[in-house]
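Number of protein chains: 2
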Amino acid sequence: MLLTKTRKEGLKDEVSKNANLLIRAGFINKEMAGVYSYLPLGLRVLNKISNIVREEMNKIGGQEVFLTVLQDKEPWVKTGRWSDEVLDVWFKTKLKNGTEVGLAGTHEEPLVTIMKNHIRSYKDLPVSIYQIQTKFRNETRAKAGIMRGREFLMKDMYSFSRDEKEHEVFYEKAKGAYNQIFKRLGLGVSTYFTYATGGTFSKYSHEYQTLASNGEDTIYCCDKCMVAVNKELISELKECPSCGNKKLVERKAVEVGNIFKLGLKFSEPLNLTYINENGEKKFVYMGCYGFGPSRTMGTITEILADEKGLVWPTNIAPFKVHIVELISENKKVKETAEKLYETLAKNSVEVLYDDRDVRAGEKFNDSDLIGIPLRIVVSDKGLEKGEFEVKQRIDGKVLSIKEKEIFDFVNKYN
Amino acid sequence: MLLTKTRKEGLKDEVSKNANLLIRAGFINKEMAGVYSYLPLGLRVLNKISNIVREEMNKIGGQEVFLTVLQDKEPWVKTGRWSDEVLDVWFKTKLKNGTEVGLAGTHEEPLVTIMKNHIRSYKDLPVSIYQIQTKFRNETRAKAGIMRGREFLMKDMYSFSRDEKEHEVFYEKAKGAYNQIFKRLGLGVSTYFTYATGGTFSKYSHEYQTLASNGEDTIYCCDKCMVAVNKELISELKECPSCGNKKLVERKAVEVGNIFKLGLKFSEPLNLTYINENGEKKFVYMGCYGFGPSRTMGTITEILADEKGLVWPTNIAPFKVHIVELISENKKVKETAEKLYETLAKNSVEVLYDDRDVRAGEKFNDSDLIGIPLRIVVSDKGLEKGEFEVKQRIDGKVLSIKEKEIFDFVNKYN
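In order, the protein sequence lines correspond to chains Z and B.
In terms of my numbering, the first sequence is residues -1 to 412.
In terms of my numbering, the second sequence is residues -1 to 412.
So here's chain Z without its partners, still in its complex pose:
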């Protein structure tokens, strides 16, 4: 039923916990440092994360696009970001005729160029555009698995508003959407809205930092309001910017999203304007909203995994149920497992079925390593009692569920 095989050992040259676990469990494959392919199990998780993000972006009116990887030099020269000395993570290549092109690591320049064709009047604003697309950054070191790759999936949203005031209204909406995303990903209680250094157009930018013992960042948390201050700012901002709480707790964290004002940084050099109510030409005011689906997948991997392997929250698990059929001379075991599989699948429960001809211990180990929320064992012993043994991956709790009650149990489990 499953393409991939698990491995007992990680890769010797892979130093990150997330990638080694995901490789061992058959979710991803390492092509080179910082570059990972997604195998069926891994792609299912990545798509579920992306779809949650997509739904929340759509709810706040985001319109989805799909921009290109290959980048024309011109708009990047205009904003001063073509040079490798400014954007030091460019991959560049050449067309047959020698024209140099870049591989996009972000998309402000091409999107602003596109919007020049579609924004004319104040009536066209505000508008917000997003994509979920593969980005490229030529990182010197790539040792964090899928948490910091040379090729990775990114959701980047850009908002276009008449002015700072209109921008602020959308910015608040975006915050709400981000809160929903982290809640649905099971990261609501461990993700802090974090103040970090800003740019030309704002004093601060905002990061979403998820607590993780081996995170790259250090943040100072106000646990009253789930707000934090990035270490880079702590000498300047010694208390919670939201409630004034002075008792901030230092913790390690991973930046899984960031949102910030762009102001006129791109609309000025690229001349993105609109005509206002009084017939005057004005520059469009922009904001930017990033989220890394693959990085978040890596973060969740590291936070939730235990010594036995991966542990997936139900919302993003590759499957909800893992049926483990134990080898038996009694034909009824296979029949029961197959019937259970069909019943669940028919009722839209995502189910993985392990009917391999290997011993129980190996199946249990693989099931723990893969980390699907519910394991249902179909065995001689259970059949005798008319029961299934169900193990919850998250807490290891083992339940005996009557055959006729299994569907209801699975259906209600969250």
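The reader is advised that the hints may include incorrect statements.
For chains that are exact copies, the list does not tell them apart, and a pair is met inside one copy or across any two.
Unchecked claim - Here are the computed lysine to aspartate or glutamate pairs in the EDC-like style, where the Cα-Cα straight-line distance is at most 20 Å: (1) Lys92 - Asp82; (2) Lys306 - Glu7; (3) Lys90 - Glu137; (4) Lys90 - Asp70; (5) Lys92 - Asp70; (6) Lys121 - Asp353; (7) Lys236 - Glu164; (8) Lys171 - Asp161; (9) Lys6 - Asp122; (10) Lys76 - Glu266; (11) Lys121 - Glu275; (12) Lys114 - Asp215.
Just so you know, these hints were derived from the structure itself, not from any lab.
With the hints as your guide, set chain B onto chain Z.
What follows is chain B alone, placed relative to chain Z:
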């Protein structure tokens, strides 16, 4: 309701009909020759095509993966395909440490390398893996719009079998899936299963060629059995390979898919083996199944468009219904249009709503250009009679539908 604006004129430097129409209608944006971004309308069409393909691949047991763009040189050197003299469409770039990497235009090498970890015994076969992913080919000329790009979307499936016999069984299944795809895309009656030159492991390869007056290819069609022979083979194969019909009709066509045996071409140099029932080590027998979602979108654009603009089949239209509200002093017009929009949207009908403050003629022209199957006009005139004027884009037929019957009408329309 819509981000994009239409244009009266195409681009001067764009010679292809498909790209010019799609750009004028706001479906895509040209980044450079052969490189196009997908805007909201265009992405909806592209995703619908991809999802039809995905469903049919899943039905025949295909497992979806997502491989990387960046390619490690090693497996390509082993198969002799790293050199630009062999694969002349490579884009190449460099990591910071100087290591040369490629941008994938196809994925046999990395996938076979991955499968070495997951295929061990005959019990693991047959298996079929596919992805829908962005590919890169450094074409010298790129003048066919989204029908032949430097960056484009591709569905590539690869099958792994024990031997030629097992391969043939899967190959027949794949043919069935391709027939379903073209049928669902509305191309069933214009797409020919076409014999073309083969490779080391087979006399012929098979192409799916869709008739198009300005297609790149010339094929000789047997209209009895929807089979054709590519011009490159016609001196060798003078009759229909399926029924022996000698009356073949010469026509222009576009290759929208191709399927062929790979045999041991990649398993030998990359040493992809399995242990058979007798404990012997054997090379895995492979097949390859390509389909271009973006190329097909371009083909459908060119085939179905008329002098007024795009015409989308319902299955892949960006929306099913285009509500055009005409400007009126009578508040009831707007109220009715809004209510209609909400009713349809609530019932999962995909609907685009044009409530812009522009004259009727411009709205009708835009609606024709965008090519949504059903246009529903909400106007004073209609309201008086308790009716909506409905225009079918495909045949220009105009109907008057009673207000209370509109939902049923829309729902049944295919």
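Here's how the hints hold up against the structure:
1. Lys92 - Asp82: both (15 Å within a copy, 13 Å between copies)
2. Lys306 - Glu7: within (13 Å within a copy, 62 Å between copies)
3. Lys90 - Glu137: both (13 Å within a copy, 17 Å between copies)
4. Lys90 - Asp70: Close inside one copy (11 Å) and across copies (16 Å); limit 20 Å.
5. Lys92 - Asp70: Both: 11 Å inside a copy, 18 Å across copies.
6. Lys121 - Asp353: between (60 Å within a copy, 12 Å between copies)
7. Lys236 - Glu164: neither (30 Å within a copy, 69 Å between copies)
8. Lys171 - Asp161: within (16 Å within a copy, 57 Å between copies)
9. Lys6 - Asp122: Between copies, since 19 Å is at most 20 Å while 56 Å is not.
10. Lys76 - Glu266: within (10 Å within a copy, 50 Å between copies)
11. Lys121 - Glu275: Answer is within; shortest intra-copy Cα gap is 9 Å, inter-copy 70 Å.
12. Lys114 - Asp215: neither (37 Å within a copy, 38 Å between copies)
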